[in-house]
Amino acid sequence: MGKGLYISKAVAVTCVVAAIAAVATIIALAVVYAQEKSKNEVAPPVTASPTSPPTPTTPSPPKEPWDHYRLPDSLSPVSYNVTLWPRLKPNADDLYIFTGNSTVVFKCVKETDLIIIHSKKLNLTKFGEYHAKLSGLHGATAPSLKKTWLEEPTQYLVVQLNGPLKPGSMYELFTDFVGELTDDLGGFYRSEYTEDGVKKVLATSQMQPTDARKVFPCFDEPAMKAVFHMTLIHPRETVALSNGMNYDPVNITAQDLIQTSFEPTEIMSTYLLAFVVCEFSFITSNPQAEVLIRIWAQRKAIEEGQGDYALEKTGPILAFFEKYYNSTYPLSKSDQIALPHFRFGAMENWGLIAYRETALLYNPGFSSTGEKEWVASTISHELAHMWFGNLVTTRWWNDLWLNEGFATYVSYLGADYAEPTWNMKDVMVMNEIIPVMGVDASASSHPLSSKEEDIQKPEQISELFDSITYSKGAAVLRMLSGFITESVFSKGLQTYLEEFKYKNTVYQDLWKHLQMAVDKAGIVLPTSVEEIMNRWILQMGFPVVTINTQTGEITQKHFLLDPDSEVDRPSPYNYKWIVPITWMKTGEAKPDYWLLDEETTNTNMTLDADEWLLANINTKGFYRVNYDSENWERLLAKLSSGHQDIPMISRTQIIDDAFNLVSAKMVNITLALSTTKYLDKEVEYMPWETAKRHLAYFHLMFDRSEVYGPMQAYLKKKVTPLFNYFKKITNNWADVPANHTDQYNQMNAISIACSTGVEGCKELTTGWFREWMENPAVNKINPNLKTRVYCSAIAEGGVEEWDFAWSMYKNATIPSEAEKLMYALACTRQPWLLNRYLHYCLDPEKIPVKDATSAIITIASKAIGQPLAWDFIREKWDFMYNEYGESSINMGAIIYGVTRRFSSEFEYNQLLQFKEDKAEQLGSASSALDQALEGTKTNMNWMAQNKKLVHEWFTSETTL
3 MGKGLYISKA VAVTCVVAAI AAVATIIALA VVYAQEKSKN EVAPPVTASP
53 TSPPTPTTPS PPKEPWDHYR LPDSLSPVSY NVTLWPRLKP NADDLYIFTG
103 NSTVVFKCVK ETDLIIIHSK KLNLTKFGEY HAKLSGLHGA TAPSLKKTWL
153 EEPTQYLVVQ LNGPLKPGSM YELFTDFVGE LTDDLGGFYR SEYTEDGVKK
203 VLATSQMQPT DARKVFPCFD EPAMKAVFHM TLIHPRETVA LSNGMNYDPV
253 NITAQDLIQT SFEPTEIMST YLLAFVVCEF SFITSNPQAE VLIRIWAQRK
303 AIEEGQGDYA LEKTGPILAF FEKYYNSTYP LSKSDQIALP HFRFGAMENW
353 GLIAYRETAL LYNPGFSSTG EKEWVASTIS HELAHMWFGN LVTTRWWNDL
403 WLNEGFATYV SYLGADYAEP TWNMKDVMVM NEIIPVMGVD ASASSHPLSS
453 KEEDIQKPEQ ISELFDSITY SKGAAVLRML SGFITESVFS KGLQTYLEEF
503 KYKNTVYQDL WKHLQMAVDK AGIVLPTSVE EIMNRWILQM GFPVVTINTQ
553 TGEITQKHFL LDPDSEVDRP SPYNYKWIVP ITWMKTGEAK PDYWLLDEET
603 TNTNMTLDAD EWLLANINTK GFYRVNYDSE NWERLLAKLS SGHQDIPMIS
653 RTQIIDDAFN LVSAKMVNIT LALSTTKYLD KEVEYMPWET AKRHLAYFHL
703 MFDRSEVYGP MQAYLKKKVT PLFNYFKKIT NNWADVPANH TDQYNQMNAI
753 SIACSTGVEG CKELTTGWFR EWMENPAVNK INPNLKTRVY CSAIAEGGVE
803 EWDFAWSMYK NATIPSEAEK LMYALACTRQ PWLLNRYLHY CLDPEKIPVK
853 DATSAIITIA SKAIGQPLAW DFIREKWDFM YNEYGESSIN MGAIIYGVTR
903 RFSSEFEYNQ LLQFKEDKAE QLGSASSALD QALEGTKTNM NWMAQNKKLV
953 HEWFTSETTL
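Count the sequence shown with the numbering used here and you get residues 3 to 962, in order.
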């Protein structure tokens with residue numbers, strides 16, 4: 003298994019000696035750890051020496067260096083030598099542990115008598131009298147250790163010295179330690195899975211953002227880059243992986259173990275360090291290639307070819323980024339591994355990228371087009387990080403958007419290169435920009451970039467991993483690339499990466515290099531790149547630009563979905579932006595216009611009687627657009643008479659802007675609904691998907707009222723041509739649409755058609771499902787359509803269909819297939835089956851605890867299931883809270899899912915009563931309950947304002 007570079011016999015012997023010494027020490031540490039662990043269920047910190055400072059009894063401002071959450075700037079790491087031995091079997095105390103030691107070489111930058119280094123949840127045994135051993139290098143004399151202790155609040159190991167360290171001198175700090183190999187998906191953790199009926203355990207790491215300190219003492223900040231020399235001790239039947247290529251493994255015969263050491267890493271941040279011990283197998287590219295590419299996964303997945311697509315696309319995407327960045331990939335290999343349990347979609351560890359299984363593996367027989375796209379885009383995102391994030395790293399987490407927003411944006415460029423027929427650059431609007439605009443229009447949003455001093459604690463860092471950082475970051479970079487051109491944007495990145503490779507940066511460094519590229523290209527902007535872009539990253543939200551085509555007046559203001567909400571966060575720019583306006587008049591593109599002030603006039607934007615105006619073409623800018631009523635009417639007329647004269651993405655934007663402007667009380671709800679009238683002529687995915695998403699709220703509000711009938715009749719009228727269109731282009735449903743987004747829209751056509759009663763739809767889905775029931779070993783249903791077909795057939799069927807789907811769910815070996823069936827089981831219209839399904843959710847033998855939350859929420863998403871789920875969680879709340887706890891079932895998510903339909907005074911009072919009854923058993927669900935109360939009030943107000951208008955509108959549209 004461990005192919006790679008080889009080492010000489012002399013070095014191998016040295017490694018064996020070192021390994022035996024390490025094993026002896028590590029075994030002793032394990033005993034100590036087991037003894038300590040038995041005293042306390044939680045791994046205790048190192049007991050402070052008698053001279054350690056007492057724990058303060060009252061909070062006080064940080065006074066000592068160890069009271070600060072940021073490391074002092076007195077020491078700078080150079081390299082680490084880390085040896086780890088994970089146990090893949092529990093010890094006598096039923097604990098999985100790892101043991102190890104680490105030597106960090108560091109340089110003294112400023113004179114100090116303190117070594118402050120991160121350490122969390124590690125037992126550090128005493129080396130002699132103290133917890134650590136300090137040595138001087140290159141002739142430097144190391145002072146003796148005065149006292150050591152763990153400062154738990156700030157997660158430090160503090161070593162106080164009897165004398166100062168000298169600036170310019172080099173030292174090394176040795177520590178040995180024991181930690182628990184928990185299942186909490188952070189640090190060094192274990193993941194369990196079943197292979198051929200046998201439970202398997204693997205050990206893997208996830209360091210980002212602040213979990214390297216849970217594995218070994220380290221300077222755990224992104225600017226504290228160093229070189230890492232890794233060694234893993236592991237069972238003979240396993241393979242060990244890390245960032246670098248492995249040297250020849252060495253047998254430790256006495257222990258029936260193997261020691262695997264790895265090439266030193268490039269200079270990098272601690273959060274990028276990675277290692278795995280597992281029994282996986284792999285497929286590989288040409289071993290003679292400059293960069294060895296390997297896809298690792300469970301043996302059965304590899305044998306079934308589930309890694310083939312990832313292997314096929316990794317090489318081309320890697321080559322694309324080498325050209326895009328004009329920078330060679332600096333490592334000898336790129337391992338990618340699919341893990342059964344992983345916190346994120348993937349993690350960009352340099353040379354060993356970790357993925358959730360569904361983000362790397364693709365099974366043509368079971369995986370849908372969406373799942374295939376997810377694999378391609380995730381691989382592209384992680385490979386983009388090899389340069390932007392790994393080679394050049396942001397100095398501190400406050401600029402996380404620069405890493406993640408950038409990787410999100412260019413991931414669509416890489417995926418577009420790998421799959422040129424998918425139109426991934428357009429898909430980005432649907433996947434990233436439209437959803438995050440809904441988030442960023444809240445008064446509780448946050449800027450992309452914060453001040454360093456505002457992001458200090460680990461929990462504050464973790465909160466930054468959200469859609470604002472990823473999706474809005476991508477959206478504003480796409481906007482920037484649009485107005486300076488993609489080629490100039492790329493050239494600016496190239497010089498940026500070249501200057502700062504292996505270093506750390508702040509966002510101003512990127513603006514500087516992009517400005518250099520702009521100046522060199524002779525592009526004229528109204529002001530500097532920095533002046534324009536700071537308004538988009540240093541204040542939250544975005545503007546709505548209103549254009550009056552009668553006068554040419556253009557205004558901007560901060561767009562909020564709730565215009566009555568108060569924004570507590572001050573803005574350095576008073577919530578004004580420098581806005582690049584792309585626009586067209588009656589189908590003819592016009593020169594870009596820059597809105598520099600709160601209000602201005604452009605007489606070129608006035609219209610004659612037969613003209614229409616469209617702004618923000620293809621949603622290039624991160625803002626919404628409103629018009630005077632006359633232009634709105636002209637756009638609606640153009641959609642009805644010749645919608646293809648308006649670009650497809652702009653048709654999508656018209657729908658999305660209109661519905662959001664309703665929420666902001668800027669246009670009437672009938673205007674928004676009128677943007678959907680032309681859909682019986684529309685066959686493109688993005689406009690249909692946007693309308694469907696907005697109308698989903700109407701379903702929630704009205705599927706129990708008299709509005710529902712006319713609304714369904716209207717949708718049936720609109721979707722029937724789309725259903726027939728796909729029937730025709732697929733040769734009566736025999737083929738799969740050739741176009742990527744057509745495959746998505748075929749799903750919409752079948753889903754909406756079946757739910758609204760379009761002739762032939764239910765017969766189609768129930769026929770496919772019945773054919774599968776008659777021959778369970780052969781499922782001919784296209785993977786794209788499975789979720790819709792399963793749901794429709796179960797909704798139309800009875801207990802026979804439900805029981806068949808249940809048996810298929812229980813026997814499913816592909817996670818994505820199990821998820822589709824689990825969703826479809828909630829589609830039945832039989833209340834007793836839904837009640838049975840709800841009770842299965844509390845039986846781990848039937849529904850795994852990790853899936854119970856999503857199953858309950860899915861049941862509650864249906865009109866029939868919602869009251870059943872609400873009764874169920876009220877009845878079973880105590881049991882769920884006490885038996886499973888919040889770590890297993892997401893009680894807050896259940897509250898949100900079950901109450902989304904609530905829109906009456908009666909339901910509001912039910913929520914209040916529930917809050918009172920369960921006051922002592924809410925935990926973190928307390929905030930979700932408060933949000934549910936607020937959401938119910940919002941729904942009540944929306945219904946009061948809009949129900950009558952909506953009912954009249956749908957009725958009039960279906961009686962024409």
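There could be a bad hint or two in this list.
[What the hints assert, rightly or not] Okay, the calculated beta carbon distance ranges per label pair:
| id | residue 1 | residue 2 | range |
| --- | --- | --- | --- |
| 1 | E454 | P155 | 16 to 24 Å |
| 2 | T487 | G440 | 24 to 32 Å |
| 3 | E761 | A921 | 48 to 56 Å |
| 4 | K325 | V526 | 38 to 46 Å |
| 5 | H70 | F176 | 23 to 31 Å |
| 6 | S926 | E454 | 43 to 51 Å |
[Unchecked claim] Each computed DMTMM-like pair below joins lysine to aspartate or glutamate, with the alpha-carbon atoms no more than 20 Å apart:
| id | residue 1 | residue 2 |
| --- | --- | --- |
| 7 | K812 | E765 |
| 8 | K578 | D612 |
| 9 | K302 | E314 |
| 10 | K202 | E174 |
| 11 | K559 | D630 |
| 12 | K950 | D932 |
| 13 | K453 | D511 |
| 14 | K453 | E555 |
| 15 | K848 | E922 |
Source of the hints: derived by calculation from the structure; they are not laboratory data.
Fair warning: this is a prediction, and the values are worked out from it, not measured in the lab.
No residue lacks a Cβ here, since even glycine has one placed at the ideal position from N, Cα and C.
Outcome of the hint check:
{"no.": "1", "hint": "E454 - P155: 16 to 24 Å", "in the structure": "20 Å, holds"}
{"no.": "2", "hint": "T487 - G440: 24 to 32 Å", "in the structure": "29 Å, holds"}
{"no.": "3", "hint": "E761 - A921: 48 to 56 Å", "in the structure": "53 Å, holds"}
{"no.": "4", "hint": "K325 - V526: 38 to 46 Å", "in the structure": "28 Å, violated"}
{"no.": "5", "hint": "H70 - F176: 23 to 31 Å", "in the structure": "25 Å, holds"}
{"no.": "6", "hint": "S926 - E454: 43 to 51 Å", "in the structure": "29 Å, violated"}
{"no.": "7", "hint": "K812 - E765", "in the structure": "26 Å, violated"}
{"no.": "8", "hint": "K578 - D612", "in the structure": "33 Å, violated"}
{"no.": "9", "hint": "K302 - E314", "in the structure": "19 Å, holds"}
{"no.": "10", "hint": "K202 - E174", "in the structure": "38 Å, violated"}
{"no.": "11", "hint": "K559 - D630", "in the structure": "16 Å, holds"}
{"no.": "12", "hint": "K950 - D932", "in the structure": "28 Å, violated"}
{"no.": "13", "hint": "K453 - D511", "in the structure": "16 Å, holds"}
{"no.": "14", "hint": "K453 - E555", "in the structure": "36 Å, violated"}
{"no.": "15", "hint": "K848 - E922", "in the structure": "29 Å, violated"}
Hint check: violations occur at hints 4, 6, 7, 8, 10, 12, 14 and 15; the rest are consistent with the structure.
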